[in-house]
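Colleague: From first to last, the protein sequence lines stand for chains A and B. Numbering of the first sequence is given in the numbering used here, commencing with residue 1 and proceeding in unit increments. Numbering of the second sequence is given in the numbering used here, commencing with residue 1 and proceeding in unit increments.
Hints are computed from structural coordinates only; laboratory data are not their basis. Quick caveat, the model's predicted, so the values are computed rather than measured. One or more hints might be untrue.
One copy or two, it doesn't matter: identical chains are merged, so the pair holds either way.
Said to hold, decoys possible - Below, simulated SDA-like cross-link-like pairs (lysine to any residue); rule was C-alpha separation at most 25 Å, straight line: (1) 166 to 107; (2) 166 to 100; (3) 166 to 3; (4) 166 to 10; (5) 166 to 30; (6) 166 to 126; (7) 166 to 147.
Protein chains: 2
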Amino acid sequence: MFTLFEGGADGSWIVDRVVAIVGESVPRVARLNITTRPDQPPRGGPWPLVGFTSNARYTTAAERAALESRQAPLGRPEATRAVLIPIRKNAAWWAMAQDQRREIFEERSRHIAGSLDALPAIARRLHHSRDLGEPFDFLTWFEFAPSDEGRFDALLAFLRASEEWKYVDREVEIRLTRA
Amino acid sequence: MFTLFEGGADGSWIVDRVVAIVGESVPRVARLNITTRPDQPPRGGPWPLVGFTSNARYTTAAERAALESRQAPLGRPEATRAVLIPIRKNAAWWAMAQDQRREIFEERSRHIAGSLDALPAIARRLHHSRDLGEPFDFLTWFEFAPSDEGRFDALLAFLRASEEWKYVDREVEIRLTRA
Chain A
1 MFTLFEGGAD
11 GSWIVDRVVA
21 IVGESVPRVA
31 RLNITTRPDQ
41 PPRGGPWPLV
51 GFTSNARYTT
61 AAERAALESR
71 QAPLGRPEAT
81 RAVLIPIRKN
91 AAWWAMAQDQ
101 RREIFEERSR
111 HIAGSLDALP
121 AIARRLHHSR
131 DLGEPFDFLT
141 WFEFAPSDEG
151 RFDALLAFLR
161 ASEEWKYVDR
171 EVEIRLTRA
Chain B
1 MFTLFEGGAD
11 GSWIVDRVVA
21 IVGESVPRVA
31 RLNITTRPDQ
41 PPRGGPWPLV
51 GFTSNARYTT
61 AAERAALESR
71 QAPLGRPEAT
81 RAVLIPIRKN
91 AAWWAMAQDQ
101 RREIFEERSR
111 HIAGSLDALP
121 AIARRLHHSR
131 DLGEPFDFLT
141 WFEFAPSDEG
151 RFDALLAFLR
161 ASEEWKYVDR
171 EVEIRLTRA
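The shape of chain A in the complex, shown without the other chains:
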C-alpha cells in the first residue's frame, strides 16, 4: 500500500517549518494531506511524496522484540506534533552489500539500539521510496506529544551524528501540528 504526503492548501496537518538539512529543500506548503492507495500515482513535481511500508531490512528478531515491547502506535490523541523527514542516501551507501550496510546501520551507528530510549514517546513509520524513482529514498513520519519534542530533538541529533548519516546526501525536516 502506498502512502501519499501531499503538500498544499488542505490537509489535517499544519506545516510549521520546513528546513533543508542537507541538499535541496522541498517547496513550502501550508498543509499536509496524507492518504493511502494501492497503486503508485504518476509523479508530478516535488509534491506529493510517495512511499510504501514494507518488511524491515536490517532488524533482527531480538531487536524487533525489543522494539515491539516498547513502541506506541500512530494516531494517539495526545500526539499532536509530527515530523516528516525525507532522506536520500548516496551512491556509496547503495553500492554496499547487505552485510556492509547492516554493519554501519547498527553495529557502528546503533540506529536501533540508540533509538529505543525514545520509545514509546516517539511513534514512527518508515516508508520506502527509492524503488519508485522518487526524489528521496525514505520518508519517515514521527508523532509525539508537544512535551516530548525535546526527546525527539535528541533522537534526531543522535542519528545525525552517526556514521550512517555520513551517507545521507539529501535531508529535509518538516515540522507539523495536527489541525
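Given chain A, put chain B in place with the hints provided.
Modeller: For chain B alone, coordinates are given in the frame of chain A:
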C-alpha cells in the same frame, strides 16, 4: 524502474509452456512483451506482471564478489531460451525478521552458494513485486542457450528441494523461446 511482463498476442518471446507448480496458474498467452517504465501502471487482471529491480536484500559482499566474477548479462545472442518464474512466499516467511530470513535463505538453503554452479550459463534478473500489491512477491527472469536447459532444470530442482521453498505458496513456471 519498473519492468512489465505483458502476456498477449504480441511480444518478442513465444510462450512454450505455462505450468502451475504451486497454487493457481496465470492465463495462458501466446507471447510475452517486456517493457520498462518509471511509474507503476494501474493493476488490471493477471497480466501484466510488474516488478522493480532493487539492491540485493541478503547477499554479503563476499557472495556478491563471487557472483559478479561469474555471472553473464541478459541479452546474449545465444540465449534464446528464457523462463519467467513468478513466486509468492507465505505469511510465515514475511513474519520473520531479517536474520531469520537470511538464515533460511543461505545458511540452510544455500540459495546463493548452490546457484553459483549454474553461472555463467544461466543469466538472471530478480524483480520485486510484493511492495506493489502485486499477486506475486518476486518475478525472476532467466536466460540461457538451448544446450544449457538441463543445467537450468538442475538449478530449479535444487531450489525447489530447499528449506526456503517450503515458504513458497504460489509458483508458476513460464518457458519461452525468443521469437
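Colleague: All hints are to be evaluated individually against the structure, with a verdict given for each.
Modeller: Verification of the supplied hints:
In this assembly of identical chains, residue 166 and residue 107 lie within 25 Å of each other by CA distance solely inside one copy; the values are 15 Å within and 32 Å between copies. Taking CA atoms no more than 25 Å apart as the test, residue 166 paired with residue 100 passes inside one copy only; the shortest distance there is 14 Å, against 29 Å between copies. For the identical chains of this complex, residue 166 and residue 3 are neighbours neither inside a copy (27 Å) nor across copies (32 Å), given an alpha-carbon limit of 25 Å. Taking identical chains as interchangeable, the C-alpha atoms of residue 166 and residue 10 are never at most 25 Å apart, the minima being 35 Å within one chain and 48 Å between chains.
For the homomeric pair residue 166 and residue 30, neither the shortest alpha-carbon distance inside one copy (31 Å) nor that between copies (51 Å) is at most 25 Å. Taking the shortest alpha-carbon separations for residue 166 and residue 126, only the intra-copy value of 19 Å comes in at or below 25 Å, while the best inter-copy value is 29 Å. In this homomeric assembly, residue 166 and residue 147 never come within 25 Å of each other (Cα to Cα): the closest approach is 30 Å inside a single copy and 49 Å across copies.
In terms of the numbered hints stated before, the structure departs from hints 3, 4, 5, 7, listed from lowest to highest.
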